[in-house]
Amino acid sequence: MLVKIKSAAVLGLEAYEIEVEVDACKRLPGQSIVGLPDAAVKESRDRVRAAIENSGFQFPPGYFTINLAPADTKKEGPLYDLPIALGMLLVSDQISNKKMNGSVVLGELSLDGSVRPVNGVLSIALSLSGSKRRILVPRENADEAALVKNIQVIPISSLKEAADYLAGKIKIGLHKVDLKALFQTDPEYGIDFVDVKGQGHVKRALEIAAAGSHNLLMVGPPGSGKTMLARRIPSILPTLSLDEALEVTKLYSVTGQLNGKGSLITARPFRSPHHTTSDIGIIGGGRIPRPGEVSLAHLGVLFLDEFPEFERNVLEVLRQPLEDGKVTISRAHSSLTYPAQFMLIAAMNPCPCGRLYDALQACTCTPLQIQRYWKKLSEPLLDRIDIQLEVPRLKPEEISAMPAGESSSGIRNRIIAARKRQMERFSGSGVFCNARMRPKQIKEFCELDREAENVLKSAIVHLKLSARAYDKVLKVSRTIADLEGEATIQAKHVAEATQYRSLDRKGG
Amino acid sequence: MGLESYQLGVKGEEAAEKYLQQQGYQILEKNFHSQQGEVDIIARDRDFIVFVEVKSYSYRSYGSPVGAVRKAKKQSLIHAAQTYLFKNKIQNTYCRFDVIAIFTKYNGQRIIEHYRDAFYVS
Numbered sequence: 001m002l003v004k005i006k007s008a009a010v011l012g013l014e015a016y017e018i019e020v021e022v023d024a025c026k027r028l029p030g031q032s033i034v035g036l037p038d039a040a041v042k043e044s045r046d047r048v049r050a051a052i053e054n055s056g057f058q059f060p061p062g063y064f065t066i067n068l069a070p071a072d073t074k075k076e077g078p079l080y081d082l083p084i085a086l087g088m089l090l091v092s093d094q095i096s097n098k099k100m101n102g103s104v105v106l107g108e109l110s111l112d113g114s115v116r117p118v119n120g121v122l123s124i125a126l127s128l129s130g131s132k133r134r135i136l137v138p139r140e141n142a143d144e145a146a147l148v149k150n151i152q153v154i155p156i157s158s159l160k161e162a163a164d165y166l167a168g169k170i171k172i173g174l175h176k177v178d179l180k181a182l183f184q185t186d187p188e189y190g191i192d193f194v195d196v197k198g199q200g201h202v203k204r205a206l207e208i209a210a211a212g213s214h215n216l217l218m219v220g221p222p223g224s225g226k227t228m229l230a231r232r233i234p235s236i237l238p239t240l241s242l243d244e245a246l247e248v249t250k251l252y253s254v255t256g257q258l259n260g261k262g263s264l265i266t267a268r269p270f271r272s273p274h275h276t277t278s279d280i281g282i283i284g285g286g287r288i289p290r291p292g293e294v295s296l297a298h299l300g301v302l303f304l305d306e307f308p309e310f311e312r313n314v315l316e317v318l319r320q321p322l323e324d325g326k327v328t329i330s331r332a333h334s335s336l337t338y339p340a341q342f343m344l345i346a347a348m349n350p351c352p353c354g355r356l357y358d359a360l361q362a363c364t365c366t367p368l369q370i371q372r373y374w375k376k377l378s379e380p381l382l383d384r385i386d387i388q389l390e391v392p393r394l395k396p397e398e399i400s401a402m403p404a405g406e407s408s409s410g411i412r413n414r415i416i417a418a419r420k421r422q423m424e425r426f427s428g429s430g431v432f433c434n435a436r437m438r439p440k441q442i443k444e445f446c447e448l449d450r451e452a453e454n455v456l457k458s459a460i461v462h463l464k465l466s467a468r469a470y471d472k473v474l475k476v477s478r479t480i481a482d483l484e485g486e487a488t489i490q491a492k493h494v495a496e497a498t499q500y501r502s503l504d505r506k507g508g
Numbered sequence: 001m002g003l004e005s006y007q008l009g010v011k012g013e014e015a016a017e018k019y020l021q022q023q024g025y026q027i028l029e030k031n032f033h034s035q036q037g038e039v040d041i042i043a044r045d046r047d048f049i050v051f052v053e054v055k056s057y058s059y060r061s062y063g064s065p066v067g068a069v070r071k072a073k074k075q076s077l078i079h080a081a082q083t084y085l086f087k088n089k090i091q092n093t094y095c096r097f098d099v100i101a102i103f104t105k106y107n108g109q110r111i112i113e114h115y116r117d118a119f120y121v122s
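Chains as they are written, first to last, in this note's numbering: chain A, 1 to 508; chain B, 1 to 122.
Bear in mind the hints are in silico, worked out from the structure with no lab data behind them.
You may find that some hints are simply not true.
What the hints assert, rightly or not - Chain A stretches covered by chain B per the calculated footprint, using a threshold of three residues with CB under 8 Å from any CB of chain B:
hint, stretch
1, 55-63
2, 441-452
Unchecked claim - A short, non-exhaustive set of chain A residues, derived as facing chain B with CB atoms under 10 Å:
hint, residue
3, GLN31
4, SER32
5, ARG45
6, ARG116
Please read all numbers here as calculations on a predicted model, not as lab measurements.
Yeah, the Cβ is synthetic: ideal placement off N, Cα and C, and Gly gets one too.
Construct all of the structure, not just a fragment, from the sequences and the given hints.
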């Protein structure tokens, strides 16, 4: 006797179909699972046995061979519990199969027979997109699966329910979600730029960075509000479009971090890994490569606090994703590519004790310590950071004042307008924002008027700007001009952009 | 193994046999030995060939008697079962491993616990 049930496996962000074959024969009792199962799949037999018995069925006698086909790819995770259990019930004729025909089944079983949520449901649903096929998913994952058009999502809460549904004893309505409703309300960040006291020039710089998707480095003493400011960046970024939201949600779905966040992530991600995070943690990896922090920050913000405290190799691995917007991780088992288009916001103290350049307190670091501290940041890495600025300590009167800044939504409207201008300008070129302009595009789009050219020339002379800094200044001035709706870059735009090269000026 | 516990074991197996017959089992073989294993009782229960391991106790011990059948004993039972099936050319028949625990009180009173399908080939 042989029964076949369709299921799916996730590799990276993509899913592929697999077939769970259950064969029963009359001999000494037992079972074996073949098809390169990992530990979680092998353990399923104990869960399946308990779940079947606790759902009012009989664990069937005989020897079971369970094959997960194709047999040459590794299967991981507990999502085959439900198809295996249903296969055993079908093969022992305890339930009839009226409605299976080609349905995809996934779910982890609890010992009491209830179905638990699994990872990667969105990827699996997307792989079936448009096929109009039926997919039986754990009830907690139903919202996630229903985001995909043209598939039939059946939410399942227990083994008994799945069995009754397949036998045609009960009807379960297709699960639907209202996509429009999910997007109607603005994502709730809970924090706003209104709360920030003082630091007007930092807010301005963050606005420019957000508008052109420039990477940004803040240097300032402890307690000056670097972290507070960085946390508010997602609240001024334009909301995610549906496609973008699906892409982000997929990443969180396969890493199992979607629980409790609703079905669709509509807010831009903000990741702030601790500085002890390893290079694998940042970039992704593992035997079967998993997405790292750069990918989890995709289309959002990667905030690295205490920037020079990160291991040097961790900082260096950031270079490639900063350039390409994606990471390809190769391991013996497979080579996978994850998206990683993030905005890097870094924060650091000016020296190990944090009091260098502070008007109130004296720095206690030796010059060697300071040199070592800054040496952690390599030239090629700083090269990729367009905006560098100092965040000074707040003045006493600023601290006691009531916060009276502009709200995030006001800033966001300007940013949306500036991004729209960039999209129109770059349409069809594969570039979406000023920060990613190529040399040819810089030449084409960063035209300066005569006055602006003079300002830039004198900046090169007086501030000793390098060729690399020159390009950065042009890109940032382009964004500033976009924010103001100007077609050409004027002197004031260039003048402001040169302000954001404070590290070049210090010769650091 | 002392004489006392040997006798307890033998009496326990007799009691188990009687119990199985009362339950409608047909006894096929007792103390079946293979090269690397043995089974206390082999019986037929409708469609099933049942291999029974009898555990005798003179007290109510803690823990489950099924847990008392450890890996080596399991291997021995499985080996004996396979040998039995092969020797008797039994194919295409459901099989089962049962454990029967017999507790004998000091006054001779017995409590019999029957664990069906106690373990399986892994």
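Outcome of the hint check:
Closer than 8 Å: that is the beta-carbon criterion, and the stretch 55-63 of chain A has 4 residues meeting it against chain B, so the requirement of 3 holds. With 0 residues bearing a CB less than 8 Å from a CB of chain B, the stretch 441-452 of chain A misses the requirement of three and the coverage assertion fails. With a cut of 10 Å, the hint placing GLN31(A) at the interface with chain B holds, because the nearest CB-to-CB distance is about 7 Å. Contact between SER32(A) and chain B, as hinted, is supported at the beta carbon level, the nearest pair being about 8 Å apart and thus within 10 Å.
A least Cβ separation of about 9 Å between ARG45(A) and chain B falls short of the 10 Å threshold, and the interface hint therefore holds. Using the Cβ-Cβ criterion of 10 Å, the hint placing ARG116(A) at the interface with chain B is not satisfied: the shortest such distance is roughly 24 Å.
Hints 2, 6 from the earlier list are contradicted by this structure; the remaining hints agree with it.
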